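Same order as they appear, the protein sequences are chains D and V.
Heads up: the first sequence at position 170 corresponds to 300 in my numbering, and the numbers run straight through without jumps.
Heads up: the second sequence at position 291 corresponds to 421 in my numbering, and the numbers run straight through without jumps.
Be a bit skeptical, because a hint or two may be false.
Remember, identical chains collapse to one label, so a pair may be satisfied in a single copy or spanning two.
[What the hints assert, rightly or not] Dumping the calculated SDA-like pairs for lysine to any residue here, alpha-carbon to alpha-carbon at most 25 Å:
(1) Lys454 to Leu429
(2) Lys472 to Gly235
(3) Lys564 to Gly354
(4) Lys433 to Asp509
(5) Lys244 to Phe477
(6) Lys464 to Tyr566
(7) Lys223 to Arg480
(8) Lys355 to Asn592
(9) Lys134 to Asp538
(10) Lys158 to Ile499
(11) Lys527 to Leu187
(12) Lys362 to Glu468
(13) Lys182 to Ser593
Simulated from the structure, these hints should not be mistaken for lab results.
All values reported here derive from a predicted model rather than from experimental measurement.
Protein chains: 2
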Amino acid sequence: MTDKLAEFNSLFNPQSIAVIGASKSFSKTGTAILFSIIAGGYKGNLYPINRKETSILGLTAYPDLFSTPSKADLVIICVRAEFVQAIIAECAKAAIGFVSIISSGFGEISLKGKKEEEKIIKIARKNNMRLIGPNCMGLTSSEASLHALMNMLIPKAGDVSIISQSGTVGSLIACYGSEQGIGISRFISSGNEADLHAEDFIEYLAVDPKTKVITAFIEGIKNGKRFLSVTKEAARLKPVIILKGGTTMAGARAAGSHTGSIAGSAEIFESAISQAGMIRALDEKDLIDLAKAFSLLALPKGKNVGITGAWGGTGVLVSDACSKNGLQVPDLTKESLEKLDKVLPPFWSRSNPVDITGAGLDGDFFMLIRAIEVLLEDDNIDMLICVLPAFDSLYSKVKLRMDPELSDQLNKTAYGSMGPQEMEMAKQIVGLRKKYNKPIVGILVGLHGQKGAEHISFLEENSIPIYETSSQAARVLAKLSNYSDFLVNNQ
Amino acid sequence: MTDKLAEFNSLFNPQSIAVIGASKSFSKTGTAILFSIIAGGYKGNLYPINRKETSILGLTAYPDLFSTPSKADLVIICVRAEFVQAIIAECAKAAIGFVSIISSGFGEISLKGKKEEEKIIKIARKNNMRLIGPNCMGLTSSEASLHALMNMLIPKAGDVSIISQSGTVGSLIACYGSEQGIGISRFISSGNEADLHAEDFIEYLAVDPKTKVITAFIEGIKNGKRFLSVTKEAARLKPVIILKGGTTMAGARAAGSHTGSIAGSAEIFESAISQAGMIRALDEKDLIDLAKAFSLLALPKGKNVGITGAWGGTGVLVSDACSKNGLQVPDLTKESLEKLDKVLPPFWSRSNPVDITGAGLDGDFFMLIRAIEVLLEDDNIDMLICVLPAFDSLYSKVKLRMDPELSDQLNKTAYGSMGPQEMEMAKQIVGLRKKYNKPIVGILVGLHGQKGAEHISFLEENSIPIYETSSQAARVLAKLSNYSDFLVNNQ
């Protein structure tokens with residue numbers, strides 16, 4: 131375990147980095163990566179390598195890897211394919227440990243390129259050098275403030291790591307994540323995987339203390355046996371969420387022309403990853419929805435969901451979504467019923483979902499909070515889906531369309547400024563979550579999404595993720611529960 | 131047909147509305163509805179009915195329905211359940227045509243309530259009066275600037291109509307819609323449907339010139355035969371998108387306690403609605419994603435999708451999504467290949483998806499535009515999914531995190547301000563869409579979502595909808611294509 135950490139330490143925490151292919155021209159990939167490393171706030175030594183220039187982007191440039199003040203732990207190569215082999219030979223001479231080859235034009239385009247790739251690997255193997263790529267976008271390691279992606283993406287820092295055989299899809303995932311408040315720890319664009327494969331990185335991330343959740347976009351697997359044994363081991367340590375591309379003929383064809391790999395049969399893959407305890411994502415957004423849940427939530431002890439808020443038909447939607455995802459919506463215990471009878475209006479649903487009826491619509495969330503606590507106290511309930519109000523941002527938007535006189539009148543009412551009450555509600559729910567430590571996820575009524583609703587950001591920052599739909603809320607809880615089962619059965 | 135229009139005209143375009151239950155207190159539902167009608171800009175006569183007050187919210191109040199200056203075309207009742215029957219009797223005497231009963235406490239809570247409901251229907255039937263509700267939230271008719279929902283929601287105006295047995299779910303849908311730029315024409319919260327059922331409104335909306343797409347949230351159907359025959363007829367005239375609640379035991383139980391209806395068997399419903407040409411939504415967001423597609427796009431002639439942009443693995447994701455949804459990703463014709471060989475870089479994918487490789491990353495979208503046009507020209511391609519750049523908003527966000535000196539440097543490069551080029555690209559794509567009239571949908575690379583990207587709003591305003599994921603982009607096109615088949619087979 132510690133071996134793996136030591137092995138990859140100088141890749142993810144390099145003291146010195148050399149970038150080959152940076153120049154004065156901003157249209158060069160090397161320049162973009164150098165720029166990104168500077169912009170991202172990297173604190174180590176950074177050496178542009180260029181035979182013609184003495185200074186690039188304010189940094190001293192060096193003619194070759196032998197002239198740099200210290201040896202580079204990581205070399206990033208961004209030159210045309212035909213020049214790569216010579217540079218790899220230079221890296222070997224300079225006893226470089228890690229090389230990320232951004233350059234494309236190898237195995238993904240032709241047999242000739244594939245052979246070129248093999249020559250490069252040969253040099254690397256002989257010299258104890260590990261290669262990432264070629265045909266990749268670079269990497270991110272938030273711990274080291276290292277942002278070396280050719281698209282200059284600087285995602286929010288956090289505890290979710292990404293391995294992607296497609297740099298673009300990995301970037302999409304990182305962007306989605308940032309928008310959902312989910313930060314990235316390491317992001318490795320693994321490209322053609324001539325040397326280091328996705329499973330090598332999974333093996334490292336499994337023991338990496340800076341990674342809580344591993345996510346991967348996989349188009350093709352080069353060594354199926356090793357991939358499965360590594361991921362099964364990793365899944366016992368932390369959640370591994372996989373998005374598989376090329377699961378259909380059309381997708382496999384597209385993947386073939388993209389990374390030169392042949393996508394495996396969808397069914398075999400599906401059954402193998404589920405046996406290995408991996409969590410399968412349906413698409414790029416689902417992957418982040420799942421990562422958010424695994425990053426923020428405790429694992430549930432069973433499959434029983436308590437549902438509240440649940441104004442009107444939202445309880446129906448959430449119940450359907452739970453059932454479809456294999457979760458249970460159990461009856462309430464007599465004790466819970468009695469507790470709720472004491473606080474809720476006479477015609478409340480008297481069952482799970484706990485529909486608090488019109489209560490709370492005026493900004494008094496006492497009944498909602500009490501319903502949440504009763505469900506959390508109930509030993510028969512393992513987790514909660516709460517339909518939460520975002521009324522203030524709804525009315526703020528409505529007010530923009532009113533004439534000012536009417537808007538003033540509305541301001542004098544309960545609907546005028548529910549913001550403080552909604553924030554108070556959020557604080558109380560966070561308090562309850564901490565007290566009972568059961569997973570709670572929210573979906574919203576009122577204004578959808580998180581735009582402008584402070585209490586929603588507060589909830590997410592305090593481990594109560596909000597989902598856009600009843601389906602996604604139920605789906606992530608089901609995956610949490612399945613993973614919990616896997617851990618119990620594979621101790 | 132015109133009969134239906136005439137029959138419901140005074141409900142959706144009332145000259146006068148009376149609200150019973152409005153008072154000086156803002157905590158009353160009647161006051162909220164009255165307020166909302168004023169705020170929404172309703173131009174007709176508005177009569178608060180109240181025995182104690184002479185003026186409410188600046189309007190003259192009247193003691194009863196007989197005292198108003200003109201007869202109300204629509205009466206909205208928001209008083210406690212026990213007072214409703216007497217008011218219905220008063221409505222009958224005043225020869226009112228339409229009454230929306232917001233009040234709850236009827237069939238949804240008890241047998242006694244159910245009997246009360248039946249008494250009310252009896253009075254209505256005898257007097258040619260039509261009832262909406264009880265236990266509903268009100269209605270919206272954008273044509274009449276009529277916004278009479280108890281939650282004071284004023285959705286954006288547009289051509290999508292909503293019928294919802296749950297006012298909350300209907301409101302959720304309307305909110306999602308507004309956020310997606312989709313406007314609402316009519317929104318009917320149909321509640322317990324004691325008298326008027328969802329299918330009565332579907333029948334009207336089918337011939338309503340202000341409705342292009344019909345959407346409905348259905349928990350239970352009271353008259354299955356009529357529902358199916360009406361919706362089948364409606365589906366031949368315009369798309370009818372259905373979200374069904376209560377399709378599982380847990381959901382049906384929740385629906386039972388909510389609207390007093392018993393949810394039908396999911397399988398029977400599923401097969402019936404597909405035979406009737408209806409489009410089934412998976413959840414509240416899917417419904418709006420579908421409504422957006424049907425509102426904005428022409429129907430495709432076949433199932434063949436052209437994919438471009440498709441940087442790296444995004445082409446794999448989109449291809450998989452197309453296949454999974456029953457669409458085809460056909461090979462390119464020799465002619466198209468030749469055309470593309472002339473413009474794309476040497477190592478482009480030479481197949482569909484048309485991966486334009488790194489082209490465009492510097493803000494020159496000539497190759498992307500040309501690839502789109504070649505696919506539109508190809509007779510073998512029925513519709514397009516384009517992976518579109520939203521790089522400018524991505525870099526704008528990155529720049530916020532840089533020190534100003536670096537940000538200045540970036541500004542001088544192609545990455546500094548791609549906004550104008552992205553807008554120019556959008557204009558050209560819109561031009562192509564108009565020229566070829568094939569459906570085009572987009573997914574984004576760069577910053578996800580529509581936040582801050584002007585060219586994305588421009589595309590959507592010009593009938594090129596953008597979806598969050600490859601899955602949704604493919605799904606809506608597949609539903610479009612299936613509906614097109616239904617129309618051909620049911621002429």
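Now the hints, each set against the structure:
1. Lys454 to Leu429: Classified as within; 20 Å inside a copy, 31 Å across copies.
2. Lys472 to Gly235: Intra 71 Å, inter 19 Å, cutoff 25 Å: inter-copy only.
3. Lys564 to Gly354: neither (42 Å within a copy, 48 Å between copies)
4. Lys433 to Asp509: Classified as within; 12 Å inside a copy, 51 Å across copies.
5. Lys244 to Phe477: Cα proximity of Lys244 and Phe477: across copies only (14 Å, versus 71 Å in one copy).
6. Lys464 to Tyr566: Classified as within; 20 Å inside a copy, 65 Å across copies.
7. Lys223 to Arg480: The answer is neither: 76 Å in one copy and 39 Å across copies each exceed 25 Å.
8. Lys355 to Asn592: neither (39 Å within a copy, 50 Å between copies)
9. Lys134 to Asp538: Classified as neither: same-chain Cα gap 63 Å, cross-chain 41 Å, threshold 25 Å.
10. Lys158 to Ile499: between (56 Å within a copy, 23 Å between copies)
11. Lys527 to Leu187: Between copies, since 21 Å is at most 25 Å while 45 Å is not.
12. Lys362 to Glu468: Neither way: Lys362 and Glu468 sit 46 Å apart in one copy and 47 Å across, limit 25 Å.
13. Lys182 to Ser593: neither (52 Å within a copy, 50 Å between copies)
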